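Residue numbers (my numbering), protein chains in the order written: chain A, 1 to 192; chain B, 1 to 192; chain C, 1 to 192; chain D, 1 to 192.
No wet-lab data here; the hints were simulated from the structure.
A couple of the hints might just be wrong.
Stated by the list, open to error - Using 30 Å as the maximum straight-line C-alpha spacing, the simulated DSBU-like pairs for lysine-lysine come out as follows: (1) B:26 / D:26; (2) D:3 / A:26; (3) D:147 / C:3; (4) D:26 / A:3; (5) A:3 / B:26; (6) B:3 / B:165; (7) B:165 / C:26; (8) A:3 / A:137; (9) D:3 / A:145.
What the hints assert, rightly or not - A partial selection of chain A residues facing chain B, derived with a Cβ cut-off under 8 Å: (10) 8; (11) 13; (12) 29; (13) 31; (14) 32; (15) 35; (16) 43; (17) 79; (18) 83; (19) 84; (20) 86; (21) 87; (22) 89; (23) 98; (24) 175; (25) 178.
Stated by the list, open to error - Ranges of calculated distance between the beta carbons of each label pair, as one might list FRET restraints: (26) A:4 / D:43: 33 to 41 Å; (27) C:165 / B:180: 47 to 55 Å; (28) A:143 / B:169: 23 to 31 Å; (29) B:43 / A:161: 16 to 24 Å; (30) B:180 / D:29: 49 to 57 Å.
Since we're looking at a predicted model, the values are computed, not measured.
We put the beta carbon where it would ideally sit given N, CA and C, even for glycine.
Each chain is listed here by its residues.
4 protein chains.
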Amino acid sequence: MSKGRLEAFSDGVIAIIITIMVLELKVPHGDRWRDLVPLVPVFLSYVLSFIYVGIYWNNHHHMLHTCTHVTGAMLWANLHLLFWLSLFPFTTWWMGENHFTADPTALYGVVLLMAAMAYLLLQQTIIRSQGPDSFLKEAVGRDWKGKLSTLLYVVAIGVSFFSPKVAQVILLIAALIWLIPDRRIEKRLAVE
Amino acid sequence: MSKGRLEAFSDGVIAIIITIMVLELKVPHGDRWRDLVPLVPVFLSYVLSFIYVGIYWNNHHHMLHTCTHVTGAMLWANLHLLFWLSLFPFTTWWMGENHFTADPTALYGVVLLMAAMAYLLLQQTIIRSQGPDSFLKEAVGRDWKGKLSTLLYVVAIGVSFFSPKVAQVILLIAALIWLIPDRRIEKRLAVE
Amino acid sequence: MSKGRLEAFSDGVIAIIITIMVLELKVPHGDRWRDLVPLVPVFLSYVLSFIYVGIYWNNHHHMLHTCTHVTGAMLWANLHLLFWLSLFPFTTWWMGENHFTADPTALYGVVLLMAAMAYLLLQQTIIRSQGPDSFLKEAVGRDWKGKLSTLLYVVAIGVSFFSPKVAQVILLIAALIWLIPDRRIEKRLAVE
Amino acid sequence: MSKGRLEAFSDGVIAIIITIMVLELKVPHGDRWRDLVPLVPVFLSYVLSFIYVGIYWNNHHHMLHTCTHVTGAMLWANLHLLFWLSLFPFTTWWMGENHFTADPTALYGVVLLMAAMAYLLLQQTIIRSQGPDSFLKEAVGRDWKGKLSTLLYVVAIGVSFFSPKVAQVILLIAALIWLIPDRRIEKRLAVE
């Protein structure tokens with residue numbers, strides 16, 4: 001089984017998710033700058049989700065790169081990840097429409113957490129398929145980014161009930177740590 | 001004729017189908033957990049359809065894998081399958097919006113049945129194009145999953161008029177039998 | 001310049017066009033079979049357009065197959081074709097919503113005609129890029145299907161103002177002649 | 001890292017952007033030609049944006065063609081470009097719905113300007129990754145089209161507050177200069 005279609009299908013689904021999120025930026029009735037003001041929270045929540053979906057695409061791209069063949073278990077673990085990603089537009093819109101209040105912020109965090117779990121599951125499935133000398137296992141190493149961001153999602157969910165603002169800052173930080181260039185997989189490839 | 005574009009186009013259409021189904025999860029007006037309650041049936045029906053579309057993509061991926069060239073008849077048999085799959089969002093939404101009542105459940109089953117027929121037709125078209133020593137024919141074998149799930153769709157359609165709940169359980173079982181790892185095609189490939 | 005991305009981009013756009021057309025099948029409020037009755041014209045017009053978009057994808061697939069390199073002129077001729085195809089959902093919905101009355105039927109025919117012209121223009125652009133011994137030119141031959149269907153679109157547009165029903169039958173026939181297996185390009189390939 | 005998925009993902013996102021823009025052509029209630037008249041401004045603004053997205057796809061296609069490997073910085077610079085392109089449907093609809101008045105025209109220009117900046121940033125990122133003998137750097141040369149169109153966007157934004165009509169003509173001219181065949185990259189390739 002080649003990985004070409006797994007990548008193509010994932011690219012398609014992620015491309016659609018990242019693009020339809022913008023549809024909640026509904027065209028306002030007026031034609032003045034001030035008519036755009038009510039859209040600001042929806043826009044901000046779109047920006048945050050765009051970054052998150054971008055991170056997932058980016059990591060998915062790197063992870064699959066280490067993969068030479070595809071198993072049935074990987075197909076399903078991948079679909080499971082796409083399922084949680086497909087809920088991003090909904091949670092983005094609910095949070096944006098409600099100006100970042102408690103419950104929508106918590107749900108946003110829960111779906112991020114589930115997607116992180118699904119990503120981890122896919123990673124484990126690939127590592128298992130690669131056997132004891134798994135290239136991906138070595139490349140991932142101790143996976144501090146994966147662990148730290150998962151911890152931050154859990155903290156953000158808890159905090160959101162007391163202070164949604166603080167929870168959003170935590171979720172933003174959890175995104176930004178992924179923007180730090182990560183050369184683990186690239187380095188391992190260079191060593192080969 | 002290469003199969004690259006047939007796969008790419010099918011991936012695109014299936015990726016869009018699986019993703020737009022989530023659009024019926026309309027953002028509620030309130031910002032509390034309880035405001036999500038009316039969305040539960042739509043969500044459940046989304047989950048069921050996500051699994052079904054995932055199964056079709058998965059099987060399509062395996063089936064096309066055995067294929068080395070593409071004929072005009074295959075292009076049309078494939079479009080015919082995509083047509084029935086494209087009706088999944090509509091039947092999913094109608095069933096979810098109406099809390100799984102009789103007629104929407106029956107229609108959901110009918111479209112599943114038509115998609116199964118279309119899949120079988122595509123399978124036969126590929127087998128015919130491969131001649132007497134068809135690799136796919138051998139790999140598919142007696143196709144108990146295909147036959148059993150088709151039977152279950154027919155039963156579910158009939159049952160839905162008496163007890164939609166039972167019909168939905170049958171449709172769920174018909175989905176789950178596809179999640180049992182199926183190594184027929186992978187096995188045949190290993191033998192080669 | 002390789003043709004890979006031209007095909008991938010066209011596949012993406014055509015996949016989206018063929019799939020979003022189904023969105024006009026709006027979920028009815030009731031949950032009985034009779035609630036689906038008002039959707040029948042929209043459904044029929046969806047089926048017709050699905051066939052037409054399928055034909056375009058099919059022909060596009062064959063035509064590009066004869067192509068080894070891509071020029072700037074071809075990129076724009078292709079985008080021009082995609083522009084007219086992108087209007088299919090609108091004309092499909094307008095015709096379906098209005099139960100196949102005169103003006104929507106005429107507009108449907110006009111957009112079909114413009115797409116046919118754009119397809120012809122793309123074909124000529126490719127033939128010109130292939131020089132005097134153009135493979136595509138020989139394969140296309142006298143192009144009776146292209147000429148006949150263009151003629152039928154023109155006739156259907158004229159007829160639609162007197163009898164939309166007859167116009168629709170003509171448009172259906174124009175679609176069906178493309179379903180007749182056409183082995184011109186496949187034959188030319190076999191000769192090589 | 002190969003560029004295949006970067007191209008595939010970008011193609012997917014751009015294909016969706018170019019296609020969903022047509023969704024704002026909402027089906028009118030009446031079935032006469034005159035019922036289409038209110039849609040004319042939305043249609044015109046769709047045509048302008050279709051050309052612009054087409055230009056971006058075209059240029060992206062050429063630019064990536066000169067690229068042999070992909071770095072992490074390129075992935076993010078590319079996502080940044082896609083972010084601004086993803087706002088095209090919104091600005092197109094706002095401008096079309098409001099019959100090309102001042103503020104929507106200015107915003108349309110601002111998003112075009114940001115996309116141009118993002119494109120330039122991606123170009124610089126690729127040139128830097130190619131080292132001192134960058135193929136792309138030589139091919140791009142003095143980049144008069146890039147510079148002139150950026151200047152025209154800035155002028156159009158300023159002018160839009162006094163005369164939106166003149167601003168739109170400037171934006172149209174900025175689009176048309178990209179339709180002039182540009183053989184820089186093709187020429188450089190031929191030299192190799």
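Cross-check of the supplied hints:
About 20 Å separates the Cα atoms of residue 26 (chain B) and residue 26 (chain D), which keeps this hinted pair within 30 Å; it holds. Simply put, residue 3 (chain D) and residue 26 (chain A) have alpha-carbon atoms about 34 Å apart, too far for the 30 Å limit, and the pair is violated. Between residue 147 (chain D) and residue 3 (chain C) the CA atoms are separated by roughly 29 Å; this keeps the pair inside 30 Å, and the hint holds. Between residue 26 (chain D) and residue 3 (chain A) the alpha-carbon distance is near 40 Å, which puts this suggested pair outside the 30 Å criterion.
A distance of roughly 34 Å separates the Cα atoms of residue 3 (chain A) and residue 26 (chain B); the hinted pair therefore is violated under the 30 Å criterion. With a C-alpha separation of about 41 Å, the suggested pairing of residue 3 (chain B) with residue 165 (chain B) is violated against the 30 Å cut-off. In summary, the hint linking residue 165 (chain B) to residue 26 (chain C) is supported, as the alpha carbons are separated by about 25 Å, within the 30 Å threshold. Using a Cα cut-off of 30 Å, the hinted pair residue 3 (chain A) and residue 137 (chain A) holds, with the two alpha carbons roughly 19 Å apart.
For the hint pairing residue 3 (chain D) with residue 145 (chain A), the CA-to-CA distance comes to about 25 Å; that is within 30 Å, so the pair holds. With 8 Å as the threshold, the beta carbon of residue 8 (chain A) comes within range of chain B, its nearest partner Cβ sitting at about 5 Å, so the hint holds. Taking 8 Å as the C-beta cut-off, the interface hint given for residue 13 (chain A) holds, the closest approach to chain B being about 5 Å. Given hint, residue 29 (chain A) at the interface with chain B, is violated; its Cβ is 19 Å from that chain's nearest Cβ, farther than 8 Å.
With its C-beta approaching chain B no nearer than about 25 Å, residue 31 (chain A) sits outside the 8 Å limit, and its interface hint is violated. About 25 Å separates the beta-carbon of residue 32 (chain A) from the nearest beta-carbon of chain B, more than 8 Å, and the hint is not met. This hint is violated: residue 35 (chain A) has a C-beta 20 Å from the nearest C-beta of chain B, more than the 8 Å allowed. Hint on residue 43 (chain A) is violated. Least Cβ distance to chain B is approximately 15 Å, over the 8 Å limit.
The closest approach between the C-beta of residue 79 (chain A) and any C-beta of chain B is roughly 4 Å, which is under the 8 Å cut-off, so the hint is satisfied. Restraint check, residue 83 (chain A) versus chain B: the minimum CB separation of about 6 Å is within 8 Å; hint holds. Proximity of residue 84 (chain A) to chain B is violated relative to the hint, the smallest CB-CB distance being about 11 Å (cut-off 8 Å). With a least beta-carbon distance of about 5 Å to chain B, the hint placing residue 86 (chain A) at the interface is held under the 8 Å criterion.
Satisfaction of the interface hint for residue 87 (chain A) is found here, the shortest Cβ-Cβ separation to chain B being roughly 7 Å, below the 8 Å cut-off. The restraint placing residue 89 (chain A) at the interface with chain B holds, with a minimum CB-CB distance near 7 Å, inside the 8 Å limit. Contact between residue 98 (chain A) and chain B, as hinted, is supported at the beta carbon level, the nearest pair being about 4 Å apart and thus within 8 Å. Look at residue 175 (chain A): its Cβ only gets to about 22 Å from chain B, farther than 8 Å, so that hint breaks.
The beta carbon of residue 178 (chain A) is not positioned within 8 Å of any beta carbon in chain B (closest approach about 23 Å), and the interface hint is therefore violated. Between residue 4 (chain A) and residue 43 (chain D) the beta carbons are some 38 Å apart, a value that agrees with the proposed interval 33 to 41 Å. Distance hint check: the CB atoms of residue 165 (chain C) and residue 180 (chain B) are about 51 Å apart, consistent with the given range 47 to 55 Å. A hinted range of 23 to 31 Å is violated for the C-beta pair residue 143 (chain A) and residue 169 (chain B), which are about 40 Å apart.
The hint said 16 to 24 Å for the Cβ distance between residue 43 (chain B) and residue 161 (chain A), and at roughly 22 Å that hint holds. Checked against the hint of 49 to 57 Å, the pair residue 180 (chain B) and residue 29 (chain D) passes, with Cβ atoms roughly 51 Å apart.
Checked against the numbered hints above, the structure violates hints 2, 4, 5, 6, 12, 13, 14, 15, 16, 19, 24, 25, 28; every other hint is satisfied.
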